[in-house]
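**Q** Here's the letter readout for the chains.
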Amino acid sequence: MLQMTQVSKVFRTEVVETHALRALDLEVTEGEFVAVTGPSGSGKTTFLNIAGLLEEATSGEYKLDGVDITKLGDRDRSRLRNEKIGFVFQSFNLIPDLDLFDNIDVPLRYRGFSRAERKKRIEEALERVGLASRLRHYPAELSGGQQQRVAIARAIAGGPKLLLADEPTGNLDSQMAREIMRLLEELNAQGTVLVIVTHDPEIAARAQRNVHIVDGVATDLERGPSLVKKAHA
Amino acid sequence: MIGYYLALAGRSLRRNVVLTILMIVAIAFGVGASMTTLTVLHVLSADPIPQKSDRLYYVQLDPKKLRGVDESPEPNRQMTLLDAQNLLKAKKADRQALMTGGNAGIDAQRPDLPPFPLDDVRQTTADFFSMFDVPFIAGTGWTAADDDNAARVCVLGKALAEKVYGSTNVIGKTLRVEKDDLRVIGVIDDWRPVPHFYDLNTDTYGKGDQLFLPFSTSLQINVGHSGSTNCWDEHTDAFAVGAPCEWVQFWVELDSKDKAAAYKDYLIAYSQEQKRAGTYERDPNVRLPDVMQWLAYNEVVPDDARLQTWIALGFLLVCLVNTVGLLLTKFLRRSADIGVRRALGASKRAIFLQLLVEAGVVGLVGGVLGLGLAWLGLWAVRHQPATYADLAHLDMPMLLSTFALAILATVLAGLLPAWRGCQVAPAAQLRSH
Amino acid sequence: MHFVPILSTLRRHKTAALLVVLEIALTCAIVCNAVFLIRNRLQRMDKDTGVAETEVVDFRIAGIGVKQNEMAQTVQDMAALRAIPGVKFVASTNMIPLGGSTWNTGVSLNADQTGATNSAVYVGTEDLVETLGVRIIAGRDFTPDEYQDYDAVMKEKVHYGSVIVTKGLAERMYPGQHALGKPLYTWGKQPQTIVGIVERLARPNDDNGADITDCAFIAPVRPAYTVGAHYLMRVEPGRGHQILDQAETALMKLDPVRLVFGKKTFAEVRAEYFKEDRAMAFLLVGVSVALLVITGLGIVGLASFWVQQRTRQIGIRRALGATRSNILHYFQIENFILATIGIVLGMALAYAVNLWLMHKYQVPRLPGTFLPIGAALLWLLGQLAVLGPAMRASMIAPATATRSV
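Residue numbers (the working numbering), protein chains in the order written: chain A, 203 to 435; chain B, 68 to 500; chain C, 70 to 474.
Calculated directly from the structure, the hints in this document are not laboratory data. Among these hints, one or two may not hold up.
Stated by the list, open to error - BS3-like, lysine-lysine: derived pairs with alpha carbons at most 25 angstroms apart: (1) B/K331 with B/K159; (2) C/K136 with B/K246; (3) A/K265 with B/K415; (4) B/K246 with C/K226; (5) B/K274 with C/K344; (6) C/K83 with B/K415; (7) B/K415 with A/K273; (8) B/K132 with C/K226; (9) B/K274 with C/K83; (10) A/K363 with B/K415.
Stated by the list, open to error - Quick list of simulated restraints, FRET-style, between CB atoms: (11) C/W425 with A/E216: 29 to 37 angstroms; (12) C/A152 with B/G345: 36 to 44 angstroms; (13) C/Y430 with B/A456: 46 to 54 angstroms.
We treat Cβ as the ideally placed atom computed from N, Cα and C, and that holds for glycine.
Whenever a hint applies, use it, and build me the whole structure from the sequences.
**A** Shown next as C-alpha cells:
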C-alpha cells in the first residue's frame, strides 16, 4: 500500500544543509497498523509529511497504492491526498468558524461529491465517532477528546485507504487518549491502513509494527519488551 | 464549487468586518471617481451624429491675404459670405448648407410673456434639416425656393414652441421675430447634438438651437449674429457680401469617399479660379474634414475634463494598490485555514480560485457602492457651472462598465494575494499552533 | 538604532513592504502635483484686472428690430443712468474684462499690418476710463474732441487719432522705450498716436494665449448701445444690484422695445469667468484628502498585519530585555525607512507626472519647494498611521515567548 524506497529529504538554507531523512526504506501493507517512533528532530515529522503528500522528497521513490508519487504535479497530489489519505493532527486543526457539519464537509467538497452524497457521508462519519447529535455545533463547544473525534470523522468521511495520525493523543488526557486509540484501532480492524507517529511507548506497544527513525534513518523493530524498557529508561 | 467559494467568501469577509469595509470603501471611492469623470468625458467626446458622421464634411478655404493682420498658414475656420454663396450655387455636393448662429428678440404677443431675447437661433439654408437628420414632430423645413425668396418662414424647437404657444401643434401660426412676422412651418423634437459640431463658435455643449430660419430672411429682418467674426483686412461692414471676414459655416454631405475626394478637387479648382480673378492672394489651401476630424482639429473636449479623468484614474490606482495590500493581509492571516484545506486535499488551483472569488465579492460590493458614488458624483457635476453639466448622466453602457471596472480591478488586485495565499505549504502549518 | 535587522526583516516580507512603498510613492506623486495645480488655479483666480472691481457693474441691453437714431438714444440712456443716485460714471462700450466674449484686432508698427500683435480693443464713450477705474501711469485720458462715432469710423472711414494702450502692449510694441507719443497702427491706413498708458486692463478672455494677456487698447470711438450692448457704470460700493434694477426700470421706460439680457456686478462677472477653475480646485482638494486618508488606512492595515505575524518574535524580544519603547521605536523606524524609500520614488514620479502635464496641458514646472513639503506630509502620515499598531505591538506581553500553543 505504502512503499518508500531510498527516500531522502534535504533542507538547504544559504549556510546549512540539514538531512532530515536519509535513504529511508519502508513498506506498509494493506491493513497494517504501524507506529513510527523516534526522538525529537529525528525526522519522523518529515516522514509523515512525505507519506501524506504534504512535502516532496529530495530523492528516492514513493509509491502509494501502486501510484508513483514522485512524478506527480500539485493537482494530482492534492487529488490523491484528498481521496486516499485521512489526516489526524495533534492539535485537531478543525476550522473554528465552521460547524461540525461544514468541517467534515471540507475534503468532500474538493472531492466533488453531490450534495446528497456529502450529507450521507458526513452523517455516517459522525455516527461512527459517536457525535451525531452535535452535527451543527461548533468546535469551541466541544471538549478536546470530542474535537479529535470530529477530526477523525473528517479524516474517514471520504473513505481513505490510509490514515496518518501525528501524535493524535498528545493534547488529551489519558481517558480520552484511550478512547481515541480504541476508535483508531476499530477503523484499522475494518481495513484502513493506520500509521501513527508518536513518542508515546504505550501507543507504540499497541501497533503491529514499530518503525524507529533516528537521524533520518529508519529501523524496523519488532514489538517487544526491549523497546518498552528502553523508553522507560 | 463557485457556490461553495461564494459561501466561504461571505463568511471570511464577515469575520473581519473593519478590514472588509475598508477595502470596499476604497474600491468604491476609486470606482466612483473614475466613473464620474469617465462619464463626463464620454459625453463630451461622443460622436454627435454617429449614423452619418463620416458622410458630413466641413469646408475650409483660405481667402486671407499673404501679408497682414493674420498670416497664419492654416485655412480659415469659417467661411466668407461670398464664398459660401458661391459654393451653395455651384451645388457640387450631394447636399450642402450654409449656416451661422443668430440672436433675436422674440415677441410672443402675449400679455403674460414679455418679449425675450433668444440666443439659440440658426440662420441656414434648406438642406440643413435633411443633412443632419433633424427630427420633426410637425411640418417640414423650407425649400430652396424659400431661400431664394427670403420667405418669411421659420421652424421651431419643441421647447420654444411650448414656451410661446403652450403646445407643439403650431403649424401656420406666426411668430414675431424682431419686428417681423414669420410663419411657422415646422416643429422639431428635442434635438441637441453634443458637441454642437456644426457650429463650435456658439455654445459647444449648449441646449441646442430653437429657432431656424432661412439665412436670406434673417439678413433682411435684422437678426443679430451669434458666434465669432474674424476679419483680416479693412472693411466697412463685416457682414456684407465680399467683406474680408469669416463668419458663416458651410457643411456638405458626400455619400462616398470618392465623392469626397472629388469635392476636395473642386475646392482646389475654385480656389485657383479665385486667385486668377484676384479675389484670393494665396495658393489653394483647403481642408475637408469629416465630423470627427473637425472635432479633433478643434480640440473640443475641455482640457479640464481630460485632466480630471486622469486624476480620478490615478486615484483608482492608489485604491487598487491599497486593496492588494489589504487582501494580502486578509489571506495570509488565514494561513492556518489554508494549510488545513491543502492538507485535506485542496489543490493550489482550488485555493487560488477560492481567494480570487473572495476578491471578486469585494469588487462586486465595491461596485454597487461605487455606482452609488458615481451617481452622486454626476449629480454634483450636474450642479456644476459648466454648460455641459446637465448632460452628465449614467447611461446603460456606463452603468455596466462601472460594475465591470470594479470587479475586474479588484480581481486584478487580488491576483498577487491569491497567488501568495495558495503557496502556503500544507506541511508548514501543521506543527505551528 | 539597528537598521540592519530591520532591513533584513523587511526583505523577508518583501511583498508587503513593496506595497507600502508603492502606495506612498503614488500618493506622493499625485498629491504633489495636485497641490501644485491647486496653487496654479488659485493664482489664476487672483488675476488683477486693473479695474475698480468693487464699484463696477455691467448692464447688457439690445434693441428689438431695426432702430433709428441709436446714438441719440444712447446719449439719452446714459443721461438717465447718470441721474440714478449712487452712479458716478457711465459709459457705453463693447466688452468688459473677464466678460468672456471679446473683440480683437491686430496692432502693428507699419501700415500693411505685418507682424501684428493680437490685441483686445475696447471702444467706449467719453467716460470709459473713469468708469472702469483703470490707472493711467503715463500721459492722459482722451480729450472730448478726440472722439468719433463708431458708425463714422466703420462706414465713412473717419480716422481717430489717439489710443490709450496698456503697459503690456506698450512694452511689446516699443520695448525699452517711452511709448508715449509714438505711432501705432490699430485701424485704417493712418496710425494713431499713443496719448496715454494704463498700468493694467485685462482682456475679456485669454483664448489667444498667455503671452499676450496684457495686450489691450482703448479707442476713442463711441458705440451706440445696439453695437456695444454694454452699459458700464461705476457706482457706490454695495449698491450694485439696487442700481442695476433701477437702471432697467429707467431704460425700459425710455424705449420699451428692447431687451435687458444681463445685469451683473463685477464680482459676479469674475466669479462666472473663474467658475471652472474653482471647481477644479475643489476636486483636487477632495482627491488629495481622500488619497491621504486611504493611504493612511492602508498603512494601518499592513502594519497591524505585521504586528500580528511577528507576535512571537516581539514576545521573545521583550523576554530578552527590550522595553516597550524599544518595540515602539522599532516599528516607527521601520515605517520611516519604508516611507523614505516611497518618498524618494514618489518625488521622481511626481516630476515625471509634472513633465507629462507640462507637455499635454501646458502646466508650468513643479517648483522644487514642493518636494520637501510633500516629503514632510507623507512622513507625518506614515508615522501617524503606524502609531496605533506600534503601540499595540509594544503592549505584547513577554510571556508569549514561552507559550507555544
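**Q** Could you tell me which of the hints above the structure violates, numbers in ascending order?
**A** 4, 9, 11, 12, 13
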